[in-house]
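Protein chains in written order, with my numbering: chain A, 156 to 446; chain B, 156 to 446.
No lab work stands behind these hints: they were computed from the structure.
Remember, predicted model here, so these are calculated numbers, not experimental data.
For glycine and all other residues, C-beta sits at the position ideal for the given N, C-alpha and C.
Be a bit skeptical, because a hint or two may be false.
Stated by the list, open to error - With a straight-line cut-off of 30 Å between C-alpha atoms, the simulated DSSO-like cross-links for lysine-lysine are: (1) B:K403 <-> A:K446; (2) B:K403 <-> B:K210; (3) A:K337 <-> B:K403; (4) A:K400 <-> B:K337; (5) A:K327 <-> A:K215; (6) B:K426 <-> B:K400; (7) A:K415 <-> B:K336; (8) A:K446 <-> B:K220; (9) B:K446 <-> A:K210; (10) A:K336 <-> A:K257; (11) B:K266 <-> B:K220; (12) B:K400 <-> A:K403; (13) B:K403 <-> A:K440; (14) A:K357 <-> B:K336; (15) B:K440 <-> B:K210; (16) B:K210 <-> A:K446; (17) B:K446 <-> A:K337; (18) A:K336 <-> A:K266.
Said to hold, decoys possible - Partial list, derived from the structure: chain A residues whose beta carbon lies under 10 Å from chain B: (19) F198; (20) R303; (21) D306; (22) R326; (23) K336; (24) E362; (25) M374.
Claimed, not checked - Pulled from the structure, derived: some chain A residues nowhere near chain B, Cβ distances all over 10 Å: (26) K160; (27) L334; (28) L349; (29) A354; (30) V375.
Number of protein chains: 2
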Amino acid sequence: MTIQKICILGAGTLGSRVAIQSAISGYEVSVYDIHEEALDFGFKTMKKILAQLEKGQLLKEPQEKILSRIYFTTAPEKAIQDADFVNESVTEDVEIKKKVWKQFGEIAPQKTIFTTNTSYLLPSMFAEESGRPEKFCAFHFHDVFYSRIVDTMPHPGTEPELIPLLEELGRKLNQVPILVKKENPGYIFNTMLLALIGAAGKLLTGEVGSVEDIDRSWMVNFHMPMGPFGILDSIGLDTAWHVTKNRKDSASQAFAALLKTYIDAGKLGEKTGEGFYKYPHPAYKAPNFIK
Amino acid sequence: MTIQKICILGAGTLGSRVAIQSAISGYEVSVYDIHEEALDFGFKTMKKILAQLEKGQLLKEPQEKILSRIYFTTAPEKAIQDADFVNESVTEDVEIKKKVWKQFGEIAPQKTIFTTNTSYLLPSMFAEESGRPEKFCAFHFHDVFYSRIVDTMPHPGTEPELIPLLEELGRKLNQVPILVKKENPGYIFNTMLLALIGAAGKLLTGEVGSVEDIDRSWMVNFHMPMGPFGILDSIGLDTAWHVTKNRKDSASQAFAALLKTYIDAGKLGEKTGEGFYKYPHPAYKAPNFIK
Numbered sequence: 156m157t158i159q160k161i162c163i164l165g166a167g168t169l170g171s172r173v174a175i176q177s178a179i180s181g182y183e184v185s186v187y188d189i190h191e192e193a194l195d196f197g198f199k200t201m202k203k204i205l206a207q208l209e210k211g212q213l214l215k216e217p218q219e220k221i222l223s224r225i226y227f228t229t230a231p232e233k234a235i236q237d238a239d240f241v242n243e244s245v246t247e248d249v250e251i252k253k254k255v256w257k258q259f260g261e262i263a264p265q266k267t268i269f270t271t272n273t274s275y276l277l278p279s280m281f282a283e284e285s286g287r288p289e290k291f292c293a294f295h296f297h298d299v300f301y302s303r304i305v306d307t308m309p310h311p312g313t314e315p316e317l318i319p320l321l322e323e324l325g326r327k328l329n330q331v332p333i334l335v336k337k338e339n340p341g342y343i344f345n346t347m348l349l350a351l352i353g354a355a356g357k358l359l360t361g362e363v364g365s366v367e368d369i370d371r372s373w374m375v376n377f378h379m380p381m382g383p384f385g386i387l388d389s390i391g392l393d394t395a396w397h398v399t400k401n402r403k404d405s406a407s408q409a410f411a412a413l414l415k416t417y418i419d420a421g422k423l424g425e426k427t428g429e430g431f432y433k434y435p436h437p438a439y440k441a442p443n444f445i446k
Numbered sequence: 156m157t158i159q160k161i162c163i164l165g166a167g168t169l170g171s172r173v174a175i176q177s178a179i180s181g182y183e184v185s186v187y188d189i190h191e192e193a194l195d196f197g198f199k200t201m202k203k204i205l206a207q208l209e210k211g212q213l214l215k216e217p218q219e220k221i222l223s224r225i226y227f228t229t230a231p232e233k234a235i236q237d238a239d240f241v242n243e244s245v246t247e248d249v250e251i252k253k254k255v256w257k258q259f260g261e262i263a264p265q266k267t268i269f270t271t272n273t274s275y276l277l278p279s280m281f282a283e284e285s286g287r288p289e290k291f292c293a294f295h296f297h298d299v300f301y302s303r304i305v306d307t308m309p310h311p312g313t314e315p316e317l318i319p320l321l322e323e324l325g326r327k328l329n330q331v332p333i334l335v336k337k338e339n340p341g342y343i344f345n346t347m348l349l350a351l352i353g354a355a356g357k358l359l360t361g362e363v364g365s366v367e368d369i370d371r372s373w374m375v376n377f378h379m380p381m382g383p384f385g386i387l388d389s390i391g392l393d394t395a396w397h398v399t400k401n402r403k404d405s406a407s408q409a410f411a412a413l414l415k416t417y418i419d420a421g422k423l424g425e426k427t428g429e430g431f432y433k434y435p436h437p438a439y440k441a442p443n444f445i446k
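If we strip away everything but chain A, and leave its shape as in the complex, we get:
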């Protein structure tokens, strides 16, 4: 089959990015959300991205032409009409995802492929609700533009024919497709990132090194623009806390407890202006930080 029309469920940060890249790649796109305000946020996000890409001379078509391929709606039937492919980025909650997939499974055309963009849940947790588990798979974007990985992660009931089709779609969406051969929370990249962050957290709570020295070690040796605590500030300390507190080893529990003190003080990272560093000018970006 040929994918021509893409339906995006959820107009949040990630859904909007997948939608605009789909339109840039020439697909017809419908964007669904239950709230008009969410669609409005999505529309503004997409316009910002297009403006940035145009500034970088990365667009081959006028912005209006790209936007004209996108249809925003709060009506499920209109969103799913003629869709060949669905990518869902709704709230990261099993019950919400089950409900959404049950709803769209009942009204989608028979041909439609269903994919979820879940970050830490597994597709098998809600594949059955869709009514077509064999056509159901995780298809997980990172941030679409700076981090261009897309993970294809089948659950045990996904039909194997779906995999090459999704990998091909990933390439057309300007992503690097990665096959996650079996269900794994956090796919591949986040599993490694969490291991790095866990080690950094243990060095901090164990009083082996300071936030700054831990970040410096990583930045200087790998020539990277930020270290684990800078990364944590950009992810959000609340998100990191949710993942860390579910790990039962004592080092993770100690780090989760530390993260909680930041959260309770309203320091969630970049988005609140303070986390391990203060924004908009965090110490790690100062020229003398690694001198």
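Given the coordinates of chain A, work out where chain B should sit on it, guided by the hints.
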């Protein structure tokens, strides 16, 4: 005190690099090794590094002038004469290090500061043998030129006054000094690197992803020139195996067993022409690897 003369024990890869950087920074340097051939290797290594630095217009003095500050010797008394500071990079073996430190502790001037460049051992394991544990500290370089971190890691008996002195010396040697506040095997960077490599190994032995897809995920998302398996090939699979097999969790044991099959087949990484990739043109360096 002012450090003017630096004594390097061990003319291997790392010792040679520390020695030549010391001479570049203007210090008088003596390089000691028990074998003449090792000194010869060290001299050649230093000349290669100087040639590369000159090519990159990174030298402020003629190569001959820099080399004229370095004295090579197999005589311990000559090496240690007038030395203000010793940095030891001999074989990574507790007994050998104990023996070397006992030997040099007996003949060194009273003023001399002793530091070890050990990678995974701890300074407290041989500080007493030196006869001056209060003047003994780990001072650990990475590769001196590409990875410019130097870790200052005291043992419980190190006198606190030594720390700022070593950090200042680190800066003069064009390094970024990191304080490792308490003894920790692998310091800060290697602790994090091992966590990353352990997670990658678990994804591979657990058949979640391929070597290539695991590396791709890291490279694309972090815009890095290599992923964990490329890094392993450059470290050497034998070194990685020694560290991994000492970890008792089942994932580390499974990964150590996999590494052993490579080692038994003579595939130690870049240095033998093959590891997870084939050299000199590993797949991860091909332009289409992340497309």
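Hint-by-hint comparison with the structure:
1. B:K403 <-> A:K446: With a Cα-Cα distance of about 38 Å, the restraint between B:K403 and A:K446 is violated, given a limit of 30 Å.
2. B:K403 <-> B:K210: Not satisfied, since the Cα-Cα distance of roughly 47 Å exceeds 30 Å.
3. A:K337 <-> B:K403: Given that 30 Å is the threshold and the Cα spacing comes to 25 Å, the pair holds.
4. A:K400 <-> B:K337: The given pair, whose Cα atoms are some 26 Å apart, holds under the 30 Å limit.
5. A:K327 <-> A:K215: Distance of about 15 Å is within 30 Å: holds.
6. B:K426 <-> B:K400: holds (21 Å)
7. A:K415 <-> B:K336: holds (24 Å)
8. A:K446 <-> B:K220: holds (26 Å)
9. B:K446 <-> A:K210: Holds. B:K446 to A:K210 sits at ~23 Å (cutoff 30 Å).
10. A:K336 <-> A:K257: holds (26 Å)
11. B:K266 <-> B:K220: Given pair B:K266, B:K220 holds - Cα atoms ~28 Å apart, limit 30 Å.
12. B:K400 <-> A:K403: holds (24 Å)
13. B:K403 <-> A:K440: Distance ~39 Å between B:K403 and A:K440 Cα, so the pair is violated.
14. A:K357 <-> B:K336: The given pair, whose Cα atoms are some 13 Å apart, holds under the 30 Å limit.
15. B:K440 <-> B:K210: holds (24 Å)
16. B:K210 <-> A:K446: Holds, because 24 Å separates the two Cα atoms, which is no more than 30 Å.
17. B:K446 <-> A:K337: Holds, at roughly 23 Å.
18. A:K336 <-> A:K266: Between A:K336 and A:K266 the Cα gap is close to 24 Å, so the pair holds against 30 Å.
19. F198: violated (27 Å)
20. R303: holds (6 Å)
21. D306: holds (8 Å)
22. R326: holds (8 Å)
23. K336: holds (6 Å)
24. E362: Hint holds; A:E362 Cβ to chain B Cβ min 6 Å, cut 10 Å.
25. M374: It holds, given that the least Cβ distance between A:M374 and chain B is near 9 Å, below 10 Å.
26. K160: Holds, because the least Cβ-Cβ distance between A:K160 and chain B comes to about 26 Å, which exceeds 10 Å.
27. L334: Answer for A:L334: violated, closest chain B Cβ roughly 6 Å.
28. L349: violated (8 Å)
29. A354: Nearest chain B Cβ is 4 Å from A:A354, so the label is violated.
30. V375: violated (5 Å)
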